[in-house]
Amino acid sequence: MSRNGPFALIFHTLFIAFIVAPIVIVCIVAFTPEGYLSLPTKGLSLRWFRAIADYPEFVRAFRDSLWLAALSSTIAVLFAVPAALAIARHRFIGREAMLAFFMSPLMIPHVVLGIAFLRFFTTIGIGGTFIGLVLSHIVIVMPFALRLVLAASIGMDRTVEHAAISLGAGPVTVFRRVTLPLILPGVVSGWVLAFITSFDEVTMTVFIASPSTITLPVRMFLYIQDNIDPLVTSVSAALIFLTVIVMVMLDRFFGLDRLFIGASR
Amino acid sequence: MSFLMLQSLTKRFGDTTVVDGLSLSVDKGEFVSLLGPSGCGKTTTLQMIAGFVEPSAGAISLNGRDLTRITPAARGLGIVFQSYALFPHMTAAENVAFGLEMRGIAKLQQVKRVDEALALVGLSGFSDRYPRRLSGGQQQRVALARALVIKPDVLLLDEPLSNLDAKLREEMQVELRQIQRTVGTTTILVTHDQGEAMALSDRIVVMNHGRVEQVARPTDIYRAPATAFVANFLGKTNLLPATIAAGAASIGTSRWAADGMMDGVARASVRPERIMFGDSEGLAGTVKARIFQGHHWLVQVATEAGLVLVIAPNDGRAIPDDGAAVLLTWRAEDMILSQSGSAA
Amino acid sequence: MSAKEIASGGHVAWLLAGPALLLFAGIVLVPIVMTGLLSFYDWGPYKGIETVFTLKNWREIVTDSYFFGIFLRTFRIALLVTVISVLIGTPEAYILNRMEKPWRSFFPVIVLGPLLISVVARTLGWALLFGSTGLINVALVRLGIVASPIQFMFTETGVVIALVHVLVPLVVISVWATLQRLDPQIENAAISLGGSGFTVFRRIVLPQVMPGILSGAIVVFALAASAFATPAIIGGRRIKVASTLAYDEFLNTLNWPLGAAVAVLLLVGLAAIIAGSNRLMERRYSEMFR
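Residue numbers (my numbering), protein chains in the order written: chain A, 153 to 417; chain B, 165 to 508; chain C, 2 to 291.
Read the hints as simulated data drawn from the structure, not as lab findings.
In this text the structure is predicted, and so the values were computed from the model without any measurement.
Glycine included, every Cβ here is placed at the ideal spot set by N, Cα and C.
Watch out, some of these pointers could steer you wrong.
Label-pair ranges, simulated between beta-carbon atoms [what the hints assert, rightly or not]:
#1 C:P185 / B:G185: 25 to 33 Å
#2 C:L183 / B:R176: 37 to 45 Å
#3 C:D43 / A:A222: 35 to 43 Å
Take a look, some chain C residues computed to stay more than 10 Å from chain B by CB distance [unchecked claim]:
#4 L22
#5 G135
#6 G145
#7 P150
#8 T200
#9 I205
#10 Q209
#11 L224
#12 A272
#13 M282
Partial list, derived from the structure: chain C residues whose beta carbon lies under 10 Å from chain A [said to hold, decoys possible]:
#14 W15
#15 L17
#16 T134
#17 A163
#18 F229
#19 V263
Build out the structure end to end from the sequences listed, making use of the hints.
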């Protein structure tokens, strides 16, 4: 592999600066000691981070987002594992269609999904409830979970299972002691990607959330529509810090490129 | 007159010396193989000739010109890569024409020469196929045609047959040799397969850890391997501990003449097919196993010098049974002795 | 596989996948169909939604120039975002691919990481950078490039820039994945046959990477056309796109049928464009690649 020339490196630096600029600016402005949006030229201050405590709606929204993401990811994965095993191992009529069907939420714009769910939930009477939120999130994270679990299932060598069966293991034992441990990396990475997708989702959620079931991104979005001030900036900065920590851990364990390239194929 | 000359070619990667002072002189039209186990430096040598790796020291000259000063694009060498490296988005004909295009050859001429090249490798009629639709063997031929159509000074082949199955490989070996003889291009082949090297080459360069062990014609190398490594790498051989004293080598209780060797410990290398079952004298041992192989017998004999493999032809002669006591003999000139200090 | 094997395999498969399938059928198909139906209903500010069949909403969208302008803007923005993302994302993927350790494992994290950060936080950053006293204008004025601050907020330009930022990592992913699958010896083969650096790139590398570029472009286009949060924050009330228009109708005006019609039109338009592009891609590239 030849090295990159000076032009390439200049381009690359500009590109990275472009990618990083808005994120960095949020983090920097969040530390301002002033009462208005400004750069912390006079020194760093944690006042706006402390101020978050005065706005329990942000804290509540954060907690609700965590619950929502955890629930929908877990349920999605619980459905995805048997579905992935079915698709990976059996040739049957309708297999392609089934896979396309599960992947279909990726093709539908989230704004359309938001509207569709709003209409549907209102009609069956769960409009604005947490249940409705969970159901809708399960749908949009399922493709990510399924794709990663499916990749692990396809890549798994099945003769190991045959060996276990020949040694006397029943189907449940084979699944629990042989299959599951082998596809676990796919299951875990599927869960994590599902979690992040659910947590960050705003477009669809903004339609179906209600004052009692608001997620953090939606709360931030609505707040920004009224005004942009250091408070929402510090909330964003806190969110960014948390995400960066998760990101670094993810990269250590899976490799970020593997996570995404596995998901975008 | 030497056409391609490598002089003390050396390549170091950090602390590791991958190619160590390799010198070789190749005549025009010759077919030379670089043979050795993986990691011996043969591929790196080829890459240095091609220009994709810069030598740390030494010189390469082609027809008197210093090759190291010329960029890979301008060296005019034909290369067949291990993975064939065909352009997947171009048809076979377009692939073969590419080198001609880079040389500014007129379209009409291109078509003519491409057709000739494809005919040479037996692929007339495959011009419009994409690589995806070609079998491994066919892809290999397109790669060969692409390298030959530019009439290169030297043809470089990097393990071109290693991805083919055994039967196809044998067929391709014969064809490759015929094509090379027809076109007459100086050729350097890199391979780890001793059978391939022996079948195709005018001369073989046996390499180990970046150094040349022996350069000779295939029959000469096989008959008289210079070192135990060469003996072990080409064909099978037995390596037995020996003691030298007063001009004679002792293995077990048997002795052979060993002129001009220093007293001390040595290692003897004897080919299995040169060992005979003696009547009166020889290395004593017991037959541990005998395996019938149709054309010959493999007989494993446990001796005090270790396990010895004997190959006896299936020509009607008596073969000792399992557990029989035997005496193994061979001619002194069929044995190579090496002492530590000389090439291992 | 015998027919019997296929049949028995099928039974197990349907059993395994059954629950998920039911869930999906209920949760995806039904709402979409309902939304389609909704677009044909009538609405009035006092009577609310009336479940009768009328083409009123569709007529309005198709004939009123206001709606036409918004859809035109939506696809115009999407096209610009796609072109720019491809133009800067492809070289970046190429550069990343040529890096050596340790940069090779470090920079992808920087480029792909933002995908994990909420789009609201990212867009907020642009809102901070864009204002007349925002960093960008301060820098431009200080450096003397412009005399007075440029308006970025509430302009199409601002929306395009912010959307490029959000979506360009997807192009990088797609192109990089393709580059990694390339046989490096192919480039060497072209060089050995006499190709110059630029010729090799143009005739050999680029054609092989095209499928990756195009699939990345399609994804970016679809997401840019249906983007909501970024146009809402950066574009505000002045620059409306299809998604924010639907939001307005649904949550402000409460004219659900009209909003539904907007959403369905967006969905159908996107599906047509994407299906068309996929077909084109298949025809050109399936001969050469898998």
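Here is what the structure says about each hint:
Take P185 (chain C) and G185 (chain B): their Cβ atoms lie about 29 Å apart, and the range 25 to 33 Å holds. Against the hinted window of 37 to 45 Å, the Cβ-Cβ separation of L183 (chain C) and R176 (chain B) comes to about 29 Å, which falls outside the hint. The beta-carbon spacing between D43 (chain C) and A222 (chain A), approximately 42 Å, falls within the hinted interval of 35 to 43 Å. Distance check on L22 (chain C): its Cβ is at least 35 Å (rounded) from any Cβ of chain B, clearing the 10 Å threshold; non-interface status holds.
In this structure G135 (chain C) is separated from chain B by more than 10 Å, as the shortest Cβ-Cβ distance comes to about 46 Å. Annotated as non-interface, G145 (chain C) keeps its C-beta farther than 10 Å from every C-beta of chain B; the closest such distance is 44 Å. Distance to chain B confirms P150 (chain C) as a non-interface residue, since its nearest Cβ pair spans about 48 Å, more than 10 Å. In this structure T200 (chain C) is not separated from chain B by more than 10 Å, as the shortest Cβ-Cβ distance comes to only about 7 Å.
Here I205 (chain C) does not stay apart from chain B, with its beta-carbon only about 6 Å from theirs, under the 10 Å limit. With a cut of 10 Å on Cβ distances, Q209 (chain C) falls inside the contact zone with chain B, its closest approach being about 6 Å. No Cβ of chain B comes within 10 Å of the Cβ of L224 (chain C); the nearest lies about 28 Å off, and the non-interface call holds. For A272 (chain C), the shortest C-beta to C-beta distance to chain B comes to about 29 Å, beyond the 10 Å cut-off, and the non-interface label holds.
Every C-beta of chain B lies more than 10 Å from that of M282 (chain C), the closest at about 13 Å, which supports listing it as non-interface. The closest approach between the C-beta of W15 (chain C) and any C-beta of chain A is roughly 7 Å, which is under the 10 Å cut-off, so the hint is satisfied. Taking 10 Å as the C-beta contact cut-off toward chain A, the hint placing L17 (chain C) at the interface holds, the least distance being around 4 Å. With 10 Å as the threshold, the beta carbon of T134 (chain C) comes within range of chain A, its nearest partner Cβ sitting at about 9 Å, so the hint holds.
At about 8 Å, the closest approach between the beta carbon of A163 (chain C) and any beta carbon in chain A falls short of 10 Å, and the interface hint on this residue holds. Satisfaction of the interface hint for F229 (chain C) is found here, the shortest Cβ-Cβ separation to chain A being roughly 4 Å, below the 10 Å cut-off. Because the beta carbon of V263 (chain C) sits about 9 Å from the nearest beta carbon in chain A, less than 10 Å, this interface hint is met.
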